[in-house]
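Based on the sequences and whatever the hints tell you, model everything.
Residue numbers (our numbering): 24 to 829.
Honestly, the hints are just simulated from the structure, not real lab data.
As the structure is a computational prediction, the values presented were derived from the model and not from experiment.
Keep in mind that the hints are not guaranteed to be accurate.
FRET-style restraints, in silico, Cβ to Cβ [what the hints assert, rightly or not]: (1) Gly-655 to Ala-225: 46 to 54 Å; (2) Pro-213 to Thr-267: 21 to 29 Å; (3) Asn-481 to Ala-275: 29 to 37 Å; (4) Pro-213 to His-645: 40 to 48 Å; (5) Pro-686 to Ala-193: 20 to 28 Å; (6) Gly-587 to Pro-686: 24 to 32 Å; (7) Arg-388 to Thr-236: 31 to 39 Å; (8) Pro-213 to Arg-807: 52 to 60 Å; (9) Thr-110 to Val-34: 16 to 24 Å; (10) Asn-481 to Asp-332: 31 to 39 Å; (11) Ser-81 to Thr-788: 26 to 34 Å.
For every residue, glycine included, the Cβ atom is placed at its ideal position computed from N, Cα and C.
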Amino acid sequence: RRAPDGALYVVAGDETSSGQVPRRVLRIDAGGALAWERDLCPGAAQPATARIAFAVASDGAAANLCDVAGRDRLVRRARDGSATEATLPFDRALQLQAGAGGELLVLGRDQATTPYRTHLIALDAALRQRDVSLGAANSREALELAAAAIDADGNGYLLSRRAATGAVAAPRFLSRIRADGRTVWRKTLPASLAQTATLQAAHGLVCVEEQTTTETAASHHAFCLRSADGATFGNDYAAPAGTTVLIQRPIAGERIVRVSATATQYAVDLLGETGSARTASGTGRLHNLGIDDDGRVTLAVDGRVLRYDVAGALLYRIDQSPIVKYDARFTADAAGRVYATGARFAPYGLDDHVLWAVDAAGATRWLTALGPYRRGERIVTTANAVYVHGQSDPGDDALASVTSKHDAEDGRQLWSHRSVDRIVAGDAHGPLLALDAAAGDVVLLGSWANRLRLERLNATDGRRELERFVDCNGDCAPLAAVALDAAGELRTAYTVVDRGAGQTAAARSLGDVLRDAPATRVDQPGVAGLWYAPYANGEGLAIDWLADSRTVFAAWFTYTSSGGYDPAQQRWYTLQANGVASGTTELELPVLQTVGGAFDAGPAVSPRIVGRAKLRVTDCDHASLSYEIDAGATTEPASGTIDLLRLTPATQACVLADGSNVPGAGARPPAKGFDARMSGAWYDETTVGQGLQLNIQPDGVFFAPWFAYDPPGMPDDSTRQHWFTLQGNLADAVDGRVEVLLIQTLGGRFDWAPTYDANVIGSATLIAQGCDRAALEYRFDAGRSAGSFAGRQGRLDLRRMGGCAP
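Structural data, given as structure tokens:
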């Protein structure tokens, strides 16, 4: 960190064989002499790399945070190295920043309160503390999601728990989250060591079933609360020893149907507020079950299938089921027809999976083959169709899910859709299915760990109408619940690991996913600028609009599909469409790759088409790019959709789909020799095939991706491609000259995983010579971090593609 007097503070340290990371802080005077060196945390636990928080106050003092006996303290060092310390009023510091007038600001939270209390503390030069009000905001509480349910009105119910402390089970909570995101109630439940739990929410009740399994036995527990206020409904139920199954479902009239079973017996109970009654029971091993919304129960017992009404009367008995191994629970439609999936017996073993339909009297209506095995199958019924959704595993890096639609009258398959989801990190789980109330669309939602993937399928023919990706705001676990409410809003619940606030249970609405957002015209200067996917930091697009030739040009900065921390894995592409028709809202562009060039040297190289892409802009700050890229261009063939968010403010006004005009937030008046009209694509005429995309905000942030090649005679891969970014602040410009940093970003993977490995490897001077003329004088560091570029210096004489912007 640089001090106001030009000195540098450096934090350094080495990892030892014991895993400890002793760290030192050094002050290097403006002339390069070492003034002093001290322990970062004298006499205390050294912070891990991710926990280092270091700041320099406006008076030149340096400060850092240290952990002492589970609580954080602040160490402040004057310019002469003398230190003073202060204990902070919380046990988890999150951020340290320099404030005004020599103050230091520390953001933290106290984990002893529920919910966690967040503090912002200001400390002056004497370390006197004052609280800075944060209003009613609180950081998200660190909770693990055990189970979730979403009702027809969009209310979310979350069963969550804190992490256990030693051998002591931590408290659990059951919460109702209203459709607008507000918490209606939260009930603290007795601590439990339950390993699995399920939730059912309907008809004014929310019911929980829990199971804990040991090497010798399994214990089951069930309870229900009222949805309106969280009040207890009935009595908690602990199943007798030997119980192997315990399932319950709320039905109309504030009643609950509960099915329990041991290895040799089953029982069905009907529960109300004041008690329960046994409605059916029998002997045999329970293999499958289903409870419909009217309280009718279907059971597979040994090889038989039995169906009871809500009062326990036997509706029918099928003596021999065609299915010997069930996968999905019995599902009934409004007419009382029952469906099941599983494997049937064949002379030489188990045959392919089948979907079995039984009418209201117990007669088989039809039996249809489903094809290869699918895990975790779910059946959803409508008046005239049956949907089956399940998952399979096609390889090491992906999961496949198959969704099929069948005619309810004869079982014939109307369509089948196979969806492949990447395994980005963590546990591998495919998407969950949701069906809108009118059966007009099918929605699949899954977790790719750093993003949610949404697919909308047309219910008539199964074709994909929409693919969308949503940032998880961290790392999201497999989804616990997905549902469409009556208004078409898609709601979900999952555990998210926030990079700043830790793990927490999340309920989320993704809005109305059944209707596409209005598309904004692409042929306008308002789309120009820098765009990126928030879930894939470290790569993105720079888009330019050239009005005279009606051209959309974009430079795409990314990596190979292998990725890694080798510069040879960097890739860049260009996309270009000329003569774009007026009012175009979806633009198809070729994906071009230009290879074989040499850094800052000729001759010019020509691009080749390696794929196709479609650009769609929904408003001034949101867009999407669907792509298909050939094998070899990214190491492997690739296809997908990138949901883009504007990285830097637009420097031109943007016209929305409704015709309204949104001024560009970055369209500042010219200052210090720089003009917002200079934003766009620039190149040196002597080295055509490489160039820069400048984003000019006078008196503001400067950012420019630079697509280039490896140095002459020093290729690190067959494409010879390389790219950098230039970053600085035009507030520091003087008479059209500004000093900027030259940065190399590594560690990404093509449309897969984010990277934050950006390193300064040099500097440059940008010299503005007019709205379409500029020069860039670059200087790479001599150290090994600059790789084959080490020590290189030069100058680019730049011209703006398309001339001066209007």
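Are any of the numbered hints broken by this structure? If so, which, sorted upward? 5, 6
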